[in-house]
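*Asks:* Given the sequences, and given the hints that come with them, work out the whole structure.
Protein chains: 2
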Amino acid sequence: MSHAWTLVSRPKGSPSMENFALRDIPDQPLKEGEIRVSNSFFSVDPYMRPRMDEGDSYIAPFELNEPMTGAAVGRVVETRSERYKVGDRVSHFLGWRDSATLKAENALPLPVGDLKDEYFLDALGVIGMTAYFGLFDVAEARPGDVVFVSAAAGAVGSLVVQIAKLRGMTVIGSAGGAEKCDFVRSLGADHVIDYKSPGPFEDKLRAAAPDGLDVYFDNVGGEQLDAAMGVAKRNARFAICGMIGMYNSDAPIGFSNLFTVISKRLQIRGFINGDFMARRDECMAQMGYWVSKGLIESRYTIFDGLDNGPQAFFSLFSGGNTGKALVRLGA
Amino acid sequence: MSHAWTLVSRPKGSPSMENFALRDIPDQPLKEGEIRVSNSFFSVDPYMRPRMDEGDSYIAPFELNEPMTGAAVGRVVETRSERYKVGDRVSHFLGWRDSATLKAENALPLPVGDLKDEYFLDALGVIGMTAYFGLFDVAEARPGDVVFVSAAAGAVGSLVVQIAKLRGMTVIGSAGGAEKCDFVRSLGADHVIDYKSPGPFEDKLRAAAPDGLDVYFDNVGGEQLDAAMGVAKRNARFAICGMIGMYNSDAPIGFSNLFTVISKRLQIRGFINGDFMARRDECMAQMGYWVSKGLIESRYTIFDGLDNGPQAFFSLFSGGNTGKALVRLGA
Chain U
1 MSHAWTLVSR PKGSPSMENF ALRDIPDQPL KEGEIRVSNS FFSVDPYMRP
51 RMDEGDSYIA PFELNEPMTG AAVGRVVETR SERYKVGDRV SHFLGWRDSA
101 TLKAENALPL PVGDLKDEYF LDALGVIGMT AYFGLFDVAE ARPGDVVFVS
151 AAAGAVGSLV VQIAKLRGMT VIGSAGGAEK CDFVRSLGAD HVIDYKSPGP
201 FEDKLRAAAP DGLDVYFDNV GGEQLDAAMG VAKRNARFAI CGMIGMYNSD
251 APIGFSNLFT VISKRLQIRG FINGDFMARR DECMAQMGYW VSKGLIESRY
301 TIFDGLDNGP QAFFSLFSGG NTGKALVRLG A
Chain Y
1 MSHAWTLVSR PKGSPSMENF ALRDIPDQPL KEGEIRVSNS FFSVDPYMRP
51 RMDEGDSYIA PFELNEPMTG AAVGRVVETR SERYKVGDRV SHFLGWRDSA
101 TLKAENALPL PVGDLKDEYF LDALGVIGMT AYFGLFDVAE ARPGDVVFVS
151 AAAGAVGSLV VQIAKLRGMT VIGSAGGAEK CDFVRSLGAD HVIDYKSPGP
201 FEDKLRAAAP DGLDVYFDNV GGEQLDAAMG VAKRNARFAI CGMIGMYNSD
251 APIGFSNLFT VISKRLQIRG FINGDFMARR DECMAQMGYW VSKGLIESRY
301 TIFDGLDNGP QAFFSLFSGG NTGKALVRLG A
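Here the protein sequences come in this chain order: U and Y.
Just so you know, the first sequence maps onto residues 1 to 331 in full-length UniProt numbering.
Just so you know, the second sequence maps onto residues 1 to 331 in full-length UniProt numbering.
No lab work stands behind these hints: they were computed from the structure.
We treat Cβ as the ideally placed atom computed from N, Cα and C, and that holds for glycine.
Treat the hints with care, since some could be wrong.
[Stated by the list, open to error] Computed spacing ranges between beta-carbons, pair by pair:
#, chain 1, residue 1, chain 2, residue 2, range
1, U, 186, Y, 21, 56 to 66 Å
2, Y, 142, U, 279, 17 to 27 Å
3, U, 13, Y, 21, 53 to 63 Å
[Stated by the list, open to error] Taking lysine to aspartate or glutamate and the DMTMM-like style, the derived pairs with C-alpha atoms no more than 25 Å apart in a straight line are:
#, chain 1, residue 1, chain 2, residue 2
4, U, 12, U, 53
5, U, 233, Y, 27
6, Y, 12, U, 226
7, U, 12, Y, 226
8, U, 103, U, 24
*Replies:* Below is the structure:
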């Protein structure tokens with residue numbers, strides 16, 4: 001028997017426990033080409049919030065009363081595929097459950113070695129790809145650039161800070177509260193802004209970047225996006241990765257600096273991690289090198305047990321986490 | 001004696017006559033390399049409004065109590081340059097005055113022929129470059145694309161409609177009122193939306209583009225920009241050329257569809273016409289061909305006499321004009 005979280009109703013605004021239900025799923029015999037994976041960790045990520053809405057056909061919504069999906073890591077426990085033997089470590093996309101049955105070609109083999117499972121849901125998984133391609137491709141960041149990254153203590157943001165420093169950029173990170181700001185500073189950020197401190201955010205950003213920004217890596221939207229337009233240099237590039245401050249609200253967002261898109265010739269591009277899946281190997285080669293040399297620090301907020309899946313997800317929006325939020329299974 | 005409009009105070013919100021004063025400027029003897037030009041027309045354009053604000057160093061503000069500048073066409077009446085003889089037709093950037101004294105290298109020679117002066121402040125001037133490079137370069141529009149252009153009865157918009165059709169695109173134009181909408185339709189637009197008609201603009205845009213937009217050429221900002229984000233296809237490109245609806249206001253602009261920047265991977269780029277000056281010849285070759293073959297219709301709203309300069313400028317914001325607004329001198 002497997003167990004999986006399902007979405008039973010679509011949240012209005014902030015999600016709560018009543019939107020979720022844990023279901024038993026009887027294990028069917030494997031078909032030819034399938035494997036069964038016992039998950040060790042699954043990922044909870046902000047982009048899952050818009051997937052809980054009906055809607056927009058560009059991010060497939062979660063189906064009601066079906067197991068939810070997302071990145072996961074585990075070990076093969078049963079196999080009818082020549083690709084995998086029992087005990088192999090794989091990543092796949094059937095998270096939010098303790099055990100997954102899938103076609104072998106929908107799993108990715110993970111290297112044998114001493115890298116912990118957690119890395120493959122972080123720097124060496126889609127989070128790493130989001131940081132890497134968002135910074136270097138979408139925002140076209142280059143050595144010497146002044147880069148601002150919001151939610152810099154978060155999973156993606158904390159990687160962006162570090163890989164931007166590794167590539168010779170000046171980095172400004174924002175986070176909420178002294179503890180998170182200390183963490184961002186420890187990652188090598190040149191300037192850290194506590195967005196919870198009093199005063200207009202734009203003034204603080206301008207003080208940190210008196211000559212302006214070349215790049216903004218946006219994880220939050222709203223006031224920080226508006227401020228970044230105000231402080232941007234001419235021809236600055238914005239990678240819009242997430243707008244976590246806006247996911248639980250329908251209210252229109254007010255912008256005062258939008259006109260600078262013209263006067264500064266800003267380039268603003270949205271992206272999601274899956275856009276670069278075909279170039280995964282390139283990213284893994286670089287990130288794998290940095291991780292293996294100890295040049296990237298990862299921090300995790302771990303929730304133990306499948307039962308805590310929704311709480312792990314809610315924690316993304318409370319501002320309480322540092323680094324990557326994961327759910328650990330079978331510990 | 002020359003006469004020139006000067007800005008004597010910076011407008012708060014909508015500009016009015018009290019912000020302007022007409023000044024006499026004694027003609028100085030020409031220096032070596034200079035020419036004197038009697039202007040036949042000068043241009044009034046929306047981008048001049050932000051130049052009236054103090055401000056942002058990316059669009060040089062007009063200096064208080066100095067003659068304002070802008071595109072103009074005229075004939076050389078006095079010369080100390082080997083480049084020009086008396087009677088030559090030139091364009092230059094010392095508009096808002098009846099006569100201009102400038103270095104010969106700051107003028108552009110215009111072809112001899114039967115093309116009226118007005119064309120060189122429109123399809124064969126910076127307006128043409130704005131439409132051409134904004135559509136084909138900034139928005140990367142290609143044959144087959146579904147293109148939405150706002151203020152489609154205006155100077156830039158009416159050119160965008162026509163050159164997009166000439167390149168095999170499906171074109172949706174917006175304008176205010178039945179007369180302007182008829183004009184846009186006469187230019188070849190496939191669908192015309194009267195933004196003054198009742199109901200949410202986004203619903204009308206979706207009805208006109210049920211499969212979504214590939215390109216949005218934005219001249220107005222605000223509600224139509226928000227609607228275009230809502231109706232855009234995945235990977236749609238937005239060229240942000242102007243935000244005429246927003247120039248006279250400091251109020252923040254509210255957006256409801258901003259999240260689609262991520263989910264649809266939108267690319268939003270601002271630009272101003274000067275960005276492509278180095279590629280002027282390419283644009284003039286194509287636009288000149290279309291104009292010479294009668295494939296581009298231009299319409300003008302002409303204000304007679306230097307005295308009417310400010311009124312011509314105010315007319316840009318009242319929604320009263322069709323086509324390019326010009327001030328005619330010495331008629």
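*Asks:* Going through the earlier hints one by one, which of them does the structure break, listed in rising order?
*Replies:* As far as the earlier hints go, only 5 is violated by this structure.
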